[in-house]
Every structure is written in C-alpha cells, then in structure tokens.
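Q: Letter by letter, the chains look like this.
Protein chains: 2
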Amino acid sequence: MATWKNLDTLASFDKLAELKGRVNIVEAMSGENGAKRVAEYNTPMAAGLNYNYAAKEVDDTVLDALADLAEEQQLVEKYEELYNGAIINTGEGRRVLHHLARRQQGDPVIVDGVDKRKFYVSQQEKAAEFAKKVHAGEITNAAGEKFTTVVQIGIGGSDLGPRALYIALENWAKANDTFKMEAKFISNVDPDDAAAVLNSIDVSRSLFIVVSKSGTTLETLTNEAFVKDALVKAGLDPKNHMLAATSETSPLAQGDDYLESFFMDDFIGGRYSSSSVVGGVVLSLAFGPDVYARILNGAADEDELAKNKDIRKNPDMLDALIGVYERNVQGYPTTAVLPYSQALNRFPAHLQQCDMESNGKSVNRDGEPVNYVTGPIIFGEPGTNGQHSFYQLLHQGTDIVPLQFVGYRKNQLGVDVEIQGTTSQQKLCANVAAQIIAFACGKDDENPNKRFAGGRPSSIIIGDQVTPESLGALLAHFENKIMFQGFLWNVNSFDQEGVQLGKVLATRVLAHDTDGALKAFSDLLDI
Amino acid sequence: MATWKNLDTLASFDKLAELKGRVNIVEAMSGENGAKRVAEYNTPMAAGLNYNYAAKEVDDTVLDALADLAEEQQLVEKYEELYNGAIINTGEGRRVLHHLARRQQGDPVIVDGVDKRKFYVSQQEKAAEFAKKVHAGEITNAAGEKFTTVVQIGIGGSDLGPRALYIALENWAKANDTFKMEAKFISNVDPDDAAAVLNSIDVSRSLFIVVSKSGTTLETLTNEAFVKDALVKAGLDPKNHMLAATSETSPLAQGDDYLESFFMDDFIGGRYSSSSVVGGVVLSLAFGPDVYARILNGAADEDELAKNKDIRKNPDMLDALIGVYERNVQGYPTTAVLPYSQALNRFPAHLQQCDMESNGKSVNRDGEPVNYVTGPIIFGEPGTNGQHSFYQLLHQGTDIVPLQFVGYRKNQLGVDVEIQGTTSQQKLCANVAAQIIAFACGKDDENPNKRFAGGRPSSIIIGDQVTPESLGALLAHFENKIMFQGFLWNVNSFDQEGVQLGKVLATRVLAHDTDGALKAFSDLLDI
Chain A
5 MATWKNLDTL ASFDKLAELK GRVNIVEAMS GENGAKRVAE YNTPMAAGLN YNYAAKEVDD
65 TVLDALADLA EEQQLVEKYE ELYNGAIINT GEGRRVLHHL ARRQQGDPVI VDGVDKRKFY
125 VSQQEKAAEF AKKVHAGEIT NAAGEKFTTV VQIGIGGSDL GPRALYIALE NWAKANDTFK
185 MEAKFISNVD PDDAAAVLNS IDVSRSLFIV VSKSGTTLET LTNEAFVKDA LVKAGLDPKN
245 HMLAATSETS PLAQGDDYLE SFFMDDFIGG RYSSSSVVGG VVLSLAFGPD VYARILNGAA
305 DEDELAKNKD IRKNPDMLDA LIGVYERNVQ GYPTTAVLPY SQALNRFPAH LQQCDMESNG
365 KSVNRDGEPV NYVTGPIIFG EPGTNGQHSF YQLLHQGTDI VPLQFVGYRK NQLGVDVEIQ
425 GTTSQQKLCA NVAAQIIAFA CGKDDENPNK RFAGGRPSSI IIGDQVTPES LGALLAHFEN
485 KIMFQGFLWN VNSFDQEGVQ LGKVLATRVL AHDTDGALKA FSDLLDI
Chain B
5 MATWKNLDTL ASFDKLAELK GRVNIVEAMS GENGAKRVAE YNTPMAAGLN YNYAAKEVDD
65 TVLDALADLA EEQQLVEKYE ELYNGAIINT GEGRRVLHHL ARRQQGDPVI VDGVDKRKFY
125 VSQQEKAAEF AKKVHAGEIT NAAGEKFTTV VQIGIGGSDL GPRALYIALE NWAKANDTFK
185 MEAKFISNVD PDDAAAVLNS IDVSRSLFIV VSKSGTTLET LTNEAFVKDA LVKAGLDPKN
245 HMLAATSETS PLAQGDDYLE SFFMDDFIGG RYSSSSVVGG VVLSLAFGPD VYARILNGAA
305 DEDELAKNKD IRKNPDMLDA LIGVYERNVQ GYPTTAVLPY SQALNRFPAH LQQCDMESNG
365 KSVNRDGEPV NYVTGPIIFG EPGTNGQHSF YQLLHQGTDI VPLQFVGYRK NQLGVDVEIQ
425 GTTSQQKLCA NVAAQIIAFA CGKDDENPNK RFAGGRPSSI IIGDQVTPES LGALLAHFEN
485 KIMFQGFLWN VNSFDQEGVQ LGKVLATRVL AHDTDGALKA FSDLLDI
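If you're matching them up, the sequences are chains A and B in order. Under our numbering, read the first sequence as residues 5 to 531, first letter to last. Under our numbering, read the second sequence as residues 5 to 531, first letter to last.
The hints are simulated quantities; they were obtained by calculation from the structure and are not laboratory data. It should be emphasised that the depicted structure is a prediction, and the values quoted were computed from it without experimental measurement.
You can't tell identical chains apart in this list, so a pair holds if it fits in one copy or across any two.
Straight-line alpha carbon distances no greater than 30 Å define the calculated DSS-like cross-link-like pairs of lysine-lysine that follow:
#	residue 1	residue 2
1	K232	K414
2	K507	K414
3	K19	K311
4	K130	K232
The following block holds chain A by itself, in its conformation from the complex (with noise of 0.2 Å):
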C-alpha cells in the first residue's frame, strides 16, 4: 500500500525546492548545446507523439531532483492501486475506473459481483451496435428516415470532452471516408443555446442523446425538456428520437422516454468521461465505432506508458513533475496550453475543466488544508490565433507562464497551398519552432520595447497528424498528468465539491427564499 503525503514533508521537495532558479534557458538553449538539449530531453508517447521538454527549466539535477520525488511520493505505487480498483476518491468514497474503460493491463476489478471492466465494455458494443444500424437505416425516425444528425444534451463533463475530440476529428473523418453524422452539442441553459442548435438543424432526422450521470443535472434536464417540446411543436414522438447516457440508478434509467440507453456510473468521473459511453455514444454515431475504439487504444497505449517508474520514459508523470516545479518552486501561476492545430480549437476548454476542476483544491484527500499552492489557471487557443492575441503579454509582461505547446508535420484535410516557396503547414510549424526560440532566449534591442528577455518555458508535444490514435494518446496524457500532479499534491483529483455551493443558492434564487445581498441581486435581475 502507497502512502499519502503532502508534498511539504518530503525530503526530496525539500530538495528540488533548493534548485529553485537552477536552469537559465535562455544560456541553456543557446548554441549547440541547445540542439544537445532538443535531442536529449525527448520521450516516445503513444501513436507516435513525442514529449520535448529540451525549452523547460530543468537540468540533469532537476530532473534527479523529481525523480527522487517521484519515488518518494510512490507516482507510479499510486496509479498501479488506482486502476487495480483502490477507493482513491476519498472523499466519495469511489474507485477511478477511466483506464478500465480503455483496455487497463492490471487485475480484474470486481465491485458487488460486476466486472468493471466487462460492464464498460458491454456498454461500448452496445453503443457501437446502436451506431451501426443507425447508420445502416435500420434504426430511423417515424417517417422511416435515416438520422442525419446527433445531438448532444449535456453540460461540464458531458460536453466538454465529446466535443473537444468530435471537433478535432471532425475533417480528419471527412477527408478519411469514416464521417458519418453531423454532432451538435447543447450545454448552457442560456435558452437561446438550445433554440441556436434546433435552429440549425432538421429535428425530424436527429437522435439526442441526454448525458447525466446522476440524472438530475438542472441544465440538461432544462434543455431536455426545450428540445422535447420541440419535437412535439414539430409533430415527433420524442421517445423515437430521445437516448439516454446515464447511470443505471439514475432517474433518467427508471423511464421509457428514450429509444435507448446507455450505461456509466460513478467510478469514471464527469471530466475523465470521453471514454465512457458519454463520449462512446457521440462519437461511434459520428464517425463510426471503429475510429472510437482507436481513440480508446491511443488513450490505452498511453495510459501504459504511464506506468514507467522512469520518470524520462514516462511522458505523463514527467509533465506532471516538471509542472509541479514550475508552480510550487518557480512560483508561476499559470499555464498556458497551445496547440498549433485547428482542429484542437476547444482542446484547451476540455483541459481547463479536467485540470482546474481536478486540483483546484485547498485540502488534502484527508481534508486537512495544504500549505502550499496546488492547480494552476489553465487557459489557451490554438496557434497562430493566439500569436496575434495574447502572445504579447507571454513574451514581454511582468509574468512568467509556462507554455505547454502542441504541434504536428501533417494536416488533416490534405489540402493546401504554396505562397512565397513554403505551404500553410510549414508556416504553422515553422511558427511553433520559431515561437519556443523566442520565448526561450529572446533577444537584446537598442530599443527596449523591442527588447525579449526570454527565460519563458515551454515544452511541445510532436506528432505527425491528429488522427483517432494520436487523439487518443493527446488525452491520456494530460488525464494521468493531472492524476500524477494531485498525488503530488495529495489532493483528490476526482471530486468537485467546489461547484454544489452555487447550486444551492440558485435554487434558493428561484424558491425567492433569499435575504441580504443574494435578495439584491435577485432582484437587479429581475427574477
């Protein structure tokens, strides 16, 4: 059995703590030993990505200093009793059971009599089996029509996630003959979301699928109910166009409204829930149930790597360290994450949530507040957009953020064009290349608003295209980082207690049972 510790009584954070300023990058990345340092600090991921950490403040000491870590806060101890079925989500009093849901290499977790991971994978074949004879006209509207569209019904986790891989696979699937439906994603219970999507589409040819795990989130039953008095106004039985992805003791599993359903529960946390039959059934309908369950062995490859106790051939658990680092020693606040990619265009939305909403805590798994600082803010959109926006301040402002860039040889559509001897794709590499430099050593001018102090880390993450599988791997890779950061933090990564406050009081709102500043409030708005 692993022990749980804070990160302030180990002897090795005491260490690496001591190494605080080590590595200046802007001498280190300089000259040859620069490209010495872009050859050396490289790890193989899964689906052929690489991890290059080469523009990161770390040496060989450093990375000593986080390998001790790493073996003293027992990472990889930790992540082996996570998938082999441990109750790691202290405060629930729950296993963490995604990797199941993705081929998990260890013993068999068995839970009142179920196999864990039979029960996830009964309900993938079952997603697939529904997906294919959608696809094949065997299941239709009333009409006798073949759906042309899905739409997903969900919030935080159901949607994020789903939509993040449905929109970075969506050309790759046009261009490779495996698109099969449009998605469309509704989330906020700002009515005009909901009308914006029916809007936009042909309700008469479109499943919907209402993803909750508890089946009581006020926002997706909200919309499930808008979208069913849609089919109604339009003529349709919603029960011929409604499924459901829920939990099996949910209220949503106890009806007959939906023309099917699909099971989850409560050990694969809303956030961790892509490979789960919250993004299982979204994305089989999409694109095909082949393209994921490669999605799912990307995520599976990975997620075996992870279990490296050599922290230079575990790209997960080295990110996570170099990241504690950066916040708990270096002191930076912030990270920001960078994809040169526009298909990764809400990559960054999905990792916010799975980061901030993981380890922003202020209490350790036991509930005894920590003494040190824990998640950091996670923001980002794709490059070159972000170079003409918010690049400025990384550069040239008072603070320091750590870059976590991804990029990639290849696009997705195969189509492009040469302007001045060079294409849109060598540009877009060239720029990701050019900006790691220029953030790492910047550079001296005469004039001092042209002058770059650099010093401003980053790693990138290489692939060749996005595809399923790199897909795949991408996600896992910042799932087990993050996993890898709370042990470090010994927080528990998989509860969200954070968010049930404002639930409370917006029902308290609503009940017009307020008083004080909330009764003010209410009111300037008219509620």
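Let chain A serve as the given structure and place chain B on it in line with the hints.
A: Leaving out everything else, chain B in the frame of chain A:
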C-alpha cells in the same frame, strides 16, 4: 499637458498600498449590509447597463484612495489628450483614434490636412452603401445571383473582435428581422481552417474580405491565396468575390484585385478596430448598416461616460482602478471574464487579446523597465458552462481569481420553456446571482471538503438584453478600462512589439537559415 508617471512614484499609490486586505467581503456582503452595498456600489453605464461592484474588496475608504489615484495619475486628462489626437502611442509615434470612429466629442483631429473623423465616417458610409447594394441585389456574382455569405479573412484584431460581435448578434438579428447574410471567419494559417470554411459554404455566392492593416500579415495573405485558388478552381473570377479592408498605403490597396476596398489607418490599432472598417464591412453586410451604427452609438455613449472625473460616475475608470488595486495591492495575477449569455461565447477571447496585448508590457511608455506588475492573464467562458468546468478552482483553489460577470435579464431569441416552475432564463440569472454570493461569502461546513472560504471578489455588469447598443457599450467599457489601466501603469497600451521576434524567427525557419535548437526543432517538425 498631463504628466506621465510610473505608478510607484505616486503618493496616492503609496496610500492605496497601505489599504491592502482592508475589506473582508465575507463580512461586508453578509446580512443587510450586503444589500446596502448592492444598492450603493452600482454605477450606470450606457445603453441601460449597470456596473455593480458591491462584491469587490472595496469600501468608501478604498474608493476615496482610488479617486485620489485617478486624480494624481490624471486619468481623465490623459483620455482627453488621447481623443483630441495626442501621440499616445509613443513607441510607434502614433495617435490613438478609435473613439473618433464612433462619434467623439472633442476637437477635430486633423492629420496631414485630413479630418480624421470625416475619413472614418466616409469609410463607414462607403461600407454601408456597398452593403445596401449587396442586400438589394445590385451587386451580385457573375451569374447575377445574390451573395448569401460573407467570409472575413483576418487574424488577431482583424478576427477576434468582429467575430465576437457577429456571434453576439447573430441570433438577435434573426429574431429581429435584420439578419442579411451569414458570416464566416478564416484566421489560422493551419490550412484545415480555410478548407473547412470553404467546404461549408457556396463559394459562388460568397464575398471574402481580406483584412490586414499593413497588407503584409503572412497568415492573412496565405489564406487569401488559399481562397483565390479555390475560387479559380470553381471557375470563378476572384475579382468578383474579393474585398479588401486595409490602410491606403498598404500593398493590398495598390492592386486592382478587389471588387471594392475599404480603408482604415495607423491610428486605430488592430484590437480596437471593430469600430473601423475591420468590423464595419462584415457586420454591415451581415446585419445591415443600421445595426452596425447602433453598435457604434452604444460605444460612443459609453465613451462619453468615461470623461467623468467622479470615479463613481465613470464605470470604465472605476473598473480599471479596482483592477489595479487587485493586481498591484492585493496581488492577484489573473482575472476571469464570465458572461452569462451564450451570445457572448467568444467575447472573453476578444477581451483576452485586447487586454493582454495592450498591457502585457514590462517597460513604461518611455522604454524604462517598470518595478511593478502590469496586465494580468485574462480568461473566461460563458456561464453556466464554466460552473461545470473551472469554477471548482475559482471556489476552492489555493489562488484567488477576481471575477468579472456579465448578465442579462432577457434572452435574445425569446423562445423559452418552463421546467420545475421557472424558465431557462430565470435559471441562468439565478445562477449568476448565486455565484456572486457563493464566491464572496463562502460557507462553513463540518466536512472540510465542502467548506468554502469565500473572499473571492467579483463585479457584474447587468443589462436587459444583448442588443447592438448594449453590445457597443460593453465593448467600449472594456476598451476604456484597458486604456485607463495602461495610463495607471504608465505603459504604452497601443503597440505590440512582443509579437515581432516570433515572426522574424519563423521567416528564418522557412528560409532554412537556422542553427542550434531552432534547427533541431525545425527538423523534428520536418520543415
């Protein structure tokens, strides 16, 4: 003439710094005192909006100190100099005239014999006339068919602001019968961005606006070539479909490749250019010139309020001052922008650019390093989506993030449903009211996991509905806030030298003129 001074040389800033941690909003916002604050700490904005700062860490003493700071730093005088045509952009030796494009009240600004206000208005009128002819079918494609789609090709300031405004009013325009043409946007040099947009439209019935002030933006020229290539391949003459929005001296203005050209100049920076033809052409085409004029009117009314020397009657200046108190006294490094309106989906991305590119500087307007922090990290997503994502960290993380809410009493499309006795819009409003109190007051609990420390400051801008006028006022509010903060920090908010180095290095990569780490990364990316 105003005197330009660093923040830390001001006696009023020293006094303000003594007020660190003065207001405990857990107490201040509790009970009837909280209701009193909501009533008192409320400043009218233009177009029926209100800026409410009851839940900020201020009281009358802090506000008096902020008023002294505003006076000593001569904020209103500097604004007056700006709109009267002083060379505020010291780095580039330029005026800053975006206010002039939307009815500025000061002296005429004559540059090289040209009345700049007349120039901007004449270009707006040209865009209006052009749009009317397109809508009336007087300007058509070669086959005599009406144009149905307009595509903006631009990046950064030529993209984010106009795109955010388009998304903000798309549904409003549809509900109010002013929707004329669909707009799309191509920005990223990733060829998949342009290809996906082209795949989604009928190019034969589309107009494309090439937007680049300098006429040399590599991404935009590349995407222009990409689009022209597609037009030619479709058997169309690009000249019948391409428009330019650029400066009169740019290479784009010289060619005769465009059906029509619209002009701006160097005195309106990219991130402030929604009020120039950068926003004017696409929005006039999409919604009609009258709607665009209404946006400018809302902005102009807000600009007018920004002249008031009484900080309690100047919402833009007050917001700026509170932000500097949070950044430089309280020590908070980030700010989240959280609009409770799906229509404002991309407004945070626009503000992220406008703020971080303007004030992410380490030298003052004379090029001397400053000894204090300047622009914060800005990020955000619409509520209630964010509640199910990163709010966990905002509520219970170890860092405090000041929050900027925006909320509206009414939705845009007017379609809504009642579930559990309340409409979606009421639920949306109830949530934002609840969040303000949850963040400010927190809640104790026996279970430390469910404990909320509170003390997390927020403001809210409340309006009736996202309309052209209120959107213009909102835009101007933040532009002016950023301008005042630049004055407070004594930085030049109107240049962006920090984006240059990456461009230079990218050009070297494409020319294979690299060595060391830059060559190594280029090789890894197969450039």
